[in-house]
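Protein chains in written order, with our numbering: chain Y, 1 to 109; chain U, 1001 to 1099; chain H, 2001 to 2243.
Do not take every clue at face value.
Distance ranges between label pairs, derived from CB positions [unchecked claim]:
{"#": "1", "chain 1": "H", "residue 1": "Arg2163", "chain 2": "U", "residue 2": "Asn1069", "range": "24 to 30 Å"}
{"#": "2", "chain 1": "H", "residue 1": "Thr2190", "chain 2": "Y", "residue 2": "Val89", "range": "29 to 35 Å"}
{"#": "3", "chain 1": "H", "residue 1": "His2044", "chain 2": "U", "residue 2": "Ile1012", "range": "53 to 59 Å"}
{"#": "4", "chain 1": "H", "residue 1": "Val2141", "chain 2": "U", "residue 2": "Asn1069", "range": "16 to 22 Å"}
{"#": "5", "chain 1": "U", "residue 1": "Gln1040", "chain 2": "Y", "residue 2": "Ala104", "range": "56 to 62 Å"}
{"#": "6", "chain 1": "H", "residue 1": "Gln2217", "chain 2": "Y", "residue 2": "Arg83", "range": "33 to 39 Å"}
Simulated coverage check for chain Y against chain U, where a stretch passes if three residues somewhere in it have a Cβ under 8 Å from a Cβ of chain U [what the hints assert, rightly or not]:
{"#": "7", "segment": "1-14"}
{"#": "8", "segment": "24-30"}
{"#": "9", "segment": "36-46"}
{"#": "10", "segment": "65-78"}
{"#": "11", "segment": "84-90"}
Quick caveat, the hints were computed from the structure, so don't treat them as lab data. Being a predicted model, the structure only gives us computed values, none of them experimental. Ideal Cβ positions, reconstructed from N, Cα and C, are used throughout, including at glycine.
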Amino acid sequence: MNVQLYVWQRLTASVMAPLVLVHIAVIFYATHQGLTAADILSRTRGSIAWASYYGIFVAAASIHASIGVRNILNEWSPLTNRRADLPAVLFGLALAALGFRAVAALVLP
Amino acid sequence: MVHRLSGLGLAIFLPLHFLALGLAIHNGAQLDSFLRWSDQPLVKLAEGGLMFLLTVHLLGGLRILVIENFDWRDGQKQFATIAAAASVVVAFVFLVRVF
Amino acid sequence: MSDTLSELSVSLWRGTEQGRYETYSVPQRASQTVLDVVTFVQRHIDPTLSYRFACRVGVCGSCAMTVNGKPRWTCRTHVSKVAGGGRLEIGPLQNLPVIKDLTTDMEIFFEKWQAAKGAFAPTKTRHDPIAQIRPDTPARVAADAGIECINCGVCYAGCDTVRWNSDYLGPAALTRAWTLVNDERDGGNTARLQAISASGGCHACHSHQSCQELCPQALNPTASIAGLKRRTAVAYLKGEITS
C-alpha cells in the first residue's frame, strides 16, 4: 500500500500545482474590486469549464490531503499504520463531499 | 516542517472554505452576508495568512517533486528559504490588495 | 606542545535515558578536537565516563556523538569551530537507546540494515568467470556514490522521520539497499524492493535532507532514497512487487 499511497500523493500534487497557480490568480482577480456573491455567481453559474476545473481540484485535494493527514497521524499520534487509515479516509470523504457540494452550489443553475 | 504545518493548516481550513461556498446553494443571499462578514480586518488578516500557507505549501511541494524526480542536488536547502520568502511576498501583496 | 589558551566549560551527558548533564573544566589547546576533550575528562577528571572511539582519524565512525545539538564525528570536529563562548554540550547520538553516558546501542541500526535487505545476494559461483563491471555506467556510478558508508549512525541520529516513525529503516540502510539495487551482480532485488516498500520503507522519507547535510562522508541518502522511490513505483506498476 505504501507505494500506491506515495504515487497517489505525488501524482495529485503534480496535478494540483498548475491548478493552484490558476486559483491564486483567480483570487487576486476576484478580490480586486471587493467580493460579492453576484460577482462570483455571474462567472460560475452554468459554466462547464468552472465545474470541471474545480471538480478536478476537489478530487485531487481530497486524495492529497487525506494521505497527508494519514502521514501526520502515523508519525505524530498514537494511531499508527493501519489504525490511521480509517480517520484519514473519513477525512478525505468529508472533504470530497463538502467540496462537490460547494461546486454544485456555484455551478448548477 | 513548514510544509507539513502549512498542509495541516490548509487541511483544517478547506472544509470551512467548502462550507462557506456551499452557502451559494439557493440564491447567493447567504453567501453575500458571509462575504460582508468577511470584510472585517481581522478576517482579511487571516486570509493573508491562508495565502501564505497555500503558497508555501505549493513551493515546498515543488521542491520535493524536483528532488525526488530530477538529478539536481546542490542548493536545495536554499530553495526552501526562497520558497518561504516568496510566499511572504505573495501573502503581503494579497493583503495590500484587499485592505 | 601545549598552547594552553583558556578553559572550556564542557557539559557531558551522564547516566542512561535518565540522567543529567555534568559540567567539567577542560584546558583548551590548539587544534583540539571534541574527542580530545572527552578523552581528557575520562583520563584526568572522571574515569567513570563511558564513550566510544577507535581510529581517532575519521575512518571508522565509532566516535559519533551529539555536539551542541548536532550529530558529528568528534574526532573530526575542531573545538575552535563549535565551542561558541568556550562552551560545549556533548551527548550520546539521538534516536538510539543510551547504554551509558555517551555510548548508544546501535543494534536497531544494524537490524534495520538487515531488514532493508542490505546484504549482497550472489548469482555466480567461484567457478564462473569474474563479472566485468564498467565503472562508468549510470547504475555503477549511482552505486559508487553510496558505498562509502561506514555505519557511523550520524544520518540516523539526524533524521526527523527516524525520530517520528519507529518503523522507518533510516537513511543508511536504504542507501545500502540502493547500492545493491544498482549492482548488476546482485540477484535479490525483487525481495529487496519488496522489503523497502513495507511500512517504514523508503516512502516514509520526506526529503528533509538532514542526512545529506550531516553525512561526514558527503553521501546523499536523500538522492538514493529518491531513486528507490522511483524504482519501487516502476516495479509496482510492472507487477514485480505488491504493495
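Worksheet item: Under a C-beta cut-off of less than 8 Å, do 3 or more residues of the segment 65-78 of chain Y approach chain U closely enough to confirm the stated coverage?
Response: Held - the segment 65-78 of chain Y has 4 residues with a Cβ nearer than 8 Å to chain U, which meets the minimum of three.
Worksheet item: When you take the CB atoms of His2044 of chain H and Ile1012 of chain U, is the distance between them in 53 to 59 Å?
Response: holds (56 Å)
Worksheet item: Do the beta carbons of Val2141 of chain H and Asn1069 of chain U sit within 16 to 22 Å of each other?
Response: Holds, since Val2141 of chain H and Asn1069 of chain U (Cβ atoms, about 18 Å apart) stay within the stated range.
Worksheet item: Against chain U, does the segment 36-46 of chain Y show at least 3 residues with beta-carbon separation below 8 Å?
Response: Three-residue rule met by the segment 36-46 of chain Y, so holds; n is 5.
Worksheet item: In this structure, is the beta-carbon distance linking Gln2217 of chain H and Arg83 of chain Y contained in 33 to 39 Å?
Response: At roughly 38 Å between Cβ atoms, Arg83 of chain Y and Gln2217 of chain H fall inside 33 to 39 Å, so the hint holds.
Practice prompt. Starting from the range 24 to 30 Å, see whether the pair Arg2163 of chain H and Asn1069 of chain U falls in it by beta-carbon distance.
Written response: holds (26 Å)
Worksheet item: Quick check: the segment 84-90 of chain Y, covered by chain U? Criterion 3+ residues, Cβ under 8 Å.
Response: Answer violated; 0 residues pass the 8 Å Cβ test.
Practice prompt. Please test the hint of 56 to 62 Å on the beta carbon pair from Gln1040 of chain U and Ala104 of chain Y.
Written response: violated (28 Å)
Practice prompt. Verify the coverage statement for the segment 1-14 of chain Y against chain U, using a C-beta to C-beta distance below 8 Å and requiring 3 or more qualifying residues.
Written response: holds (count 3)
Worksheet item: Taking 29 to 35 Å as the hint, is the beta-carbon distance of Thr2190 of chain H and Val89 of chain Y inside that range?
Response: holds (30 Å)
Practice prompt. Given that the segment 24-30 of chain Y was listed as covered by chain U, double-check it with a C-beta distance under 8 Å for 3 or more residues.
Written response: holds (count 3)
Comparing the model with each numbered hint stated earlier shows that hints 5, 11 do not hold.
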